[in-house]
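**Q** Residue strings, one per chain:
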Amino acid sequence: MAADLVNWIGWLLSAALGLWLLVRLVAYLRLQIPRQQALVIKIDRVLPQTQCGKCGYPGCRPYAEAIAAGAAINRCPPGGHRTIVALARLLNEQPRPLDPAHGDIEPSQVAFIREDECIGCMKCIRACPVDAILGSGKLMHTVIASECTGCDLCVEPCPVDCIDIIPDLEPAQVSLPHRRVDNPLDELEAQP
Amino acid sequence: MPLVTPWSRFVQRQADSAAWQRWTCLGLLAPTALVAATTDAGFLANLLLIIVSALAADAIAAWLRGISPGAVLADYSALSFALMFALTLAAEAPWWLGMSGAVFGLFIAKQAFGGHGEYLFQPLAAAYVFTRLGFPEFSGPSLMDTATAALCADIPATALIALALLTGALPLLILKAVDWRIPGVVFLTLILSLALSRSIDPPLWAFNTIIFTAQPSLLLVILFVATDPVTSPVTARGRSLFALLIALPMAVGAWTVDLTTAMAIVLLANFLTPLIDLMCRPRIFGHQNRGSVFLD
Amino acid sequence: MIVNKRLLLRAKHGAFSRAGGMKLTSTKAAALRCGISSMPPPPRLFLEVADHRSRPAALLVKAGDKVRKFQQLSRTVDLSQAPVFSPLSATVAAISRDAHTRRTTIRLDILASDENAESETLPPLTDYGSLTAAQITERIAILGVSGLGGRGMPVAHKLAAAKKRRVQQLIINAVESDPDISADEAMIRERSKAVVEGARILQRASSAERCGIAISKEKKAAIAALRAALAGSDIELLILPTHYPLGEEHRLIYALFGTETAPSASILDAGFLCFNAATAHAVALAVNRGEPMISRIVSVDGPTPLRPQNCEVLFGTPIWHLLEVCGADPAQKDRTLINGSMRGQLLENTQAVVHSGVRGVRILDASELLQSDELERNCINCGHCVSACPVNLQPQALFRASRARDTFQLAALGLEDCIDCGLCDQVCPSHLPLRDYFGAGRSEMRLWQGSVDRADHFRNRFDAHQARAERKLRRPQSVALAARQSDSKTEFSRTSAKAEIAAAVARVKARRAERAEDQGSPRKDDD
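Protein chains in written order, with the working numbering: chain A, 1 to 192; chain B, 1 to 296; chain C, 1 to 527.
What the hints contain is simulated information worked out from the structure, not anything from laboratory work. All residues carry an ideal CB built from backbone N, CA and C; glycine is no exception. There may be inaccurate statements among the hints.
Chain A regions said to be covered by chain C (calculated; three or more residues, Cβ under 8 Å) [as the list claims (entries may be wrong)]:
hint, segment
1, 40 to 54
2, 124 to 131
Below are the DSSO-like pairs computed for lysine-lysine, each with C-alpha atoms no more than 27 Å apart in a straight line [claimed, not checked]:
hint, chain 1, residue 1, chain 2, residue 2
3, A, Lys138, A, Lys123
4, A, Lys138, C, Lys472
5, A, Lys54, A, Lys123
6, C, Lys509, A, Lys138
7, C, Lys498, A, Lys123
8, C, Lys509, A, Lys54
9, A, Lys123, C, Lys509
10, C, Lys498, A, Lys138
11, C, Lys509, C, Lys498
12, C, Lys193, C, Lys217
13, A, Lys123, C, Lys472
14, C, Lys217, C, Lys23
15, C, Lys23, B, Lys176
Pair ranges (Cβ atoms, derived) [claimed, not checked]:
hint, chain 1, residue 1, chain 2, residue 2, range
16, C, Lys163, A, Leu31, 39 to 47 Å
17, A, Leu31, C, Asp78, 43 to 51 Å
18, C, Arg210, A, Arg30, 50 to 58 Å
19, C, Ala133, A, Ile41, 45 to 53 Å
20, C, Ala464, A, Ala69, 23 to 31 Å
21, C, Arg151, A, Pro167, 31 to 39 Å
22, C, Asp420, A, Pro167, 26 to 34 Å
Chain A with its partners taken away, still in its complex shape (with noise of 0.2 Å):
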């Protein structure tokens, strides 16, 4: 009797224990879905917003999103090693290089129209995705420099070749005051 008492004791509490953990596991699952939409607006947040699309998709965000799905944190050419490094902190990742078959690292830059070349056509305007060149239809076309992202998408369509990527003027770069000169590991830190 008193055993089976205590087989009913022991039924009911790891019922109740099972029953406890079911609910918790929904409410982790649930608390997913918001969790990754904040992880890609996170994700975004890092992200240059050059909208350059050297990363191979068509914008930060859909490079955000993909991120959260498992791309690797390592395309973004205008973003840098510290994109990289943020990118790495937010996924609990390790920080990689610059995956060269995406580019580069740039140097922070923006468009720049030679204006006695340029015919007024209004192809680069309409390939600018933050409208930062300023200009009409037969009229003269010309970079906000504050604006550029320095994406280079106007380059292209631009039928003259009138627009050149010029570095900005604001150094990137901050000198980390090392007496270890023969440290390879700095050439990697040394990145922007």
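Fit chains B and C to the known structure of chain A by using the hints.
**A** Frame of chain A, contents of chains B and C only:
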């Protein structure tokens, strides 16, 4: 631009990590001399081979990593490693055992993990466990423990070696090169467990336990191996916890704990050091949270 | 984030070891022996006015003008920048602007002849008690009084920020816990009355409930002078033990009142306001005598032949002129340290001038320099830095994070709360230049924040672009648009335009082909 940093005239004692290592080597000279006095010339030959191979291993590893070997050797850590390692060898260890242990300890346990200051496991403990467990046919008690000749009067050699180790560790404690809390908590725990067992067992057991604790090999572990700042937590509270983690297995094991067991216990505690560091973070002034290397 | 702890009596007089910081040996005795020395005015002064809100300074003079002592030279638009005044009668020899450092420098050639012709900005006051707090603040703003504690924030700006909150306690900071700077102490010894006067004025201007002058125990002569000047006043004298870095306002408040305030937050949030003692003195001069701030006391120290002293120096004096007057050897130019060994910077620009943030100048002894070609050692986790840190940070973790340029870790570890006291740097047995690493870490954090702000801006523009594109797709072709496309009023003929475009395209194709031949790749590059 040359990097010029002012020395501090205002901080009472300007510490120097290379000087600390030199003090360690100095402190180990007396035990080494005593051990050499009680054994034959084989020990000195072994010592020389270990020193040479330790320095070579460090230098070659530095060269492979692209760092100046001179800078790596200048911190004297290879030398102190070699001196300690030679003391822990068994009597029947062949000439190549010490050398391979030194190479393993410095090359793999130290340099492969990132060099001085970046290793997870104490290189000496790792090298020792490697030689003992890897080559069990040469695993006898270490020379420190088996020194049977009485060097002066009736004092056994082991007691003198133990005393030499204690005095050798004293400068390090005074200079704050090692934290006094680690040997302090270990000894305190052992004494407390001794007091506990004394109420159960006859008094003679207590005497034996003191003799046991004062074994030179255990003293080496507690004073030189466990106290390595690189592999122990960085806060005071963390270090006390770390010392407790070492002392409790020792207290439980009582006199079954020999040098190999002690080194293995230290290695396990080293493994838990990052976790202890994570748990014992200080609370930042003005905030409720504690400074974390993780984002949460 | 502010944590109010119960008042720790021990914090007033007892052990500080758990709260970090250290007792440092002081080297101020030599400089204090001479009192405040004055130096003859240099032949040239260089006054610097920084850009304000990305605009160059608005100057009231031009090259060739003669200016009188106390004449205002620059105009300001708001309280966060103080106007600049001429310290002596002079001619404006040249005005130059450095776009890189974003500063305008006015070079003044001193006129020896009419030294005594003053230009008063405001009439002196016999009794400021008739003024309201706002009027006092306005007077301080007009006379350009800035903080002399090191950061150089205009006093009126700080008072304006304090006006929005209730100030329970005003503290005049005479602690000066640096071991090698004694400028404030020397000033208090001789001018304690003005300091107390300044304290009263500031209390009135900030409407603080209580006021206290904080000073450390070992400054006995200064304490005696203050006691005499404070007789019968309700301003308290708060005496603290000698401990570094109690001079930092957050640590100071904790030691005095037990209230913890995060260094990354303002003490105003907790109801405290803090001014340096030399600032109080300058405020007294400004309000009572109508004199703008044109000089400050600088601690000068160094090996022989330099004579250690506290010197009253006009703003704009070249630092090396000051050192030479005190007897320094010009060959040691590359070893000048500004603002003390603990928090100071090595002077890289030997033409730098004295401004309100220069509290001390020191020439380093040869024995004090760590070898510059010494290769960097490793951090051995010894924990000395952790026990020395007064803000309970983990400098060794911050060091590793700075080296890895990990801004997230730096933020999580609390680099914003680092008060740059330099203790970790000095106690490190591996001689790691921790302050330099933390400076790099702060720069990284700033750059990262800058790039995040930029990215936010670009994202907004991209979203606006997308919205506009969508609207355009949905909008039916307007009549006007259709009309414009077939407009024949323009002289530009479609056919000729097409021909020109074709010609241009052909040119471009030829150029691209050329470049492709040269480089072997079709990728376009800038010139």
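**Q** Quick check: which numbered hints come out false for this structure?
**A** When the structure is compared with the hints, none of them turns out to be violated.
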